[in-house]
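Given the sequences, and given the hints that come with them, work out the whole structure.
Counting from 1, position 134 in the sequence shown corresponds to residue 186 in the working numbering; the numbering is continuous, with no gaps.
Calculated directly from the structure, the hints in this document are not laboratory data.
On a predicted model such as this, the values are computed, not experimentally measured, just so you know.
Note that the Cβ used here is the ideal one computed from N, Cα and C, for glycine as well.
It is possible that part of the hints are untrue.
Claimed, not checked - The following label-pair restraints were derived from C-beta to C-beta distances:
no. : residue 1 : residue 2 : range
1   : C191      : L224      : 54 to 60 Å
2   : T60       : V221      : 48 to 54 Å
3   : Q162      : F225      : 26 to 32 Å
4   : D80       : T190      : 16 to 22 Å
5   : E237      : K159      : 51 to 57 Å
6   : Q162      : T56       : 37 to 43 Å
7   : V217      : Y139      : 31 to 37 Å
8   : P118      : I171      : 16 to 22 Å
9   : D178      : V69       : 30 to 36 Å
10  : F218      : C191      : 48 to 54 Å
11  : F218      : K159      : 28 to 34 Å
12  : D80       : I214      : 47 to 53 Å
13  : A239      : F218      : 30 to 36 Å
14  : V240      : F218      : 30 to 36 Å
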Amino acid sequence: MIDTGLLTCVDPLRRRVRWRAQTIAEFDPPSGAVTDGETGNKTPDAPENEEDQKDQRGDAYPHLTPYRPFGDRHGDNPIFARYARSYDYVIAVGQRHASVVGVRDGKVHQSIELPCTPIAPLLIEDINNDGVMDVIVTCKTGLYVYAGDMNGGAPQSVAVLILLVFFLVGLLFLVREVTVITKVEEAVDETERAEAARLRDMERRAFKRATD
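Below, the structure written as structure tokens:
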């Protein structure tokens with residue numbers, strides 16, 4: 053992440069850029085971080101370590117934090133926790149804004165304005181024990197909590213389920229009506245065939261008596 057809020061995801065195996073995402077998680081670069089316009093490398097005036105950079109930009113703490121809405125899906129198994137653990141999102145934290153970005157496609161799902169400038173990494177904890185991970189922002193004035201909501205998409209889901217139920221009921225009603233109509237038509241055809249056969253038999257009998 054750079055000071056303009058641009059995120060770049062690089063494949064560590066192929067060493068290729070997978071995606072780039074422009075967020076609003078901007079921050080002021082260190083005052084001494086002068087870059088070479090041709091190579092993009094820092095000049096000797098730039099600070100060499102993270103502590104020097106933090107001192108030059110004040111108390112701001114821009115960073116990236118991995119985020120999983122529903123906690124550790126693999127439970128307490130140390131094998132899964134170490135080797136099969138994965139995150140769905142990354143939170144890009146700037147000076148006054150934060151953006152939630154999908155790690156697979158780089159899509160910016162949500163951006164928020166922070167109440168203050170973070171001075172430490174975000175804390176990801178389920179503080180209200182509802183199964184959804186919450187985000188805690190540490191500021192000079194205190195802690196601010198963004199509570200996760202597992203029912204954020206509930207109205208849309210309920211509407212889709214209702215439409216699906218109505219569709220299935222309508223489909224069953226249509227199939228039932230078609231079945232009834234087909235049976236009625238078959239019964240009518242059978243009655244007509246029986247009546248036609250009876251009339252032909254009566255005609256044959258009448259013709260036979262006439263010839264006798």
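Hints, verified against the model:
{"no.": "1", "hint": "C191 / L224: 54 to 60 Å", "verdict": "holds, 57 Å"}
{"no.": "2", "hint": "T60 / V221: 48 to 54 Å", "verdict": "holds, 50 Å"}
{"no.": "3", "hint": "Q162 / F225: 26 to 32 Å", "verdict": "violated, 42 Å"}
{"no.": "4", "hint": "D80 / T190: 16 to 22 Å", "verdict": "holds, 19 Å"}
{"no.": "5", "hint": "E237 / K159: 51 to 57 Å", "verdict": "holds, 55 Å"}
{"no.": "6", "hint": "Q162 / T56: 37 to 43 Å", "verdict": "violated, 19 Å"}
{"no.": "7", "hint": "V217 / Y139: 31 to 37 Å", "verdict": "holds, 35 Å"}
{"no.": "8", "hint": "P118 / I171: 16 to 22 Å", "verdict": "holds, 20 Å"}
{"no.": "9", "hint": "D178 / V69: 30 to 36 Å", "verdict": "holds, 34 Å"}
{"no.": "10", "hint": "F218 / C191: 48 to 54 Å", "verdict": "holds, 49 Å"}
{"no.": "11", "hint": "F218 / K159: 28 to 34 Å", "verdict": "holds, 32 Å"}
{"no.": "12", "hint": "D80 / I214: 47 to 53 Å", "verdict": "holds, 50 Å"}
{"no.": "13", "hint": "A239 / F218: 30 to 36 Å", "verdict": "holds, 32 Å"}
{"no.": "14", "hint": "V240 / F218: 30 to 36 Å", "verdict": "holds, 33 Å"}
Hints 3 and 6 from the list above are not met by this structure, while the remaining hints are.
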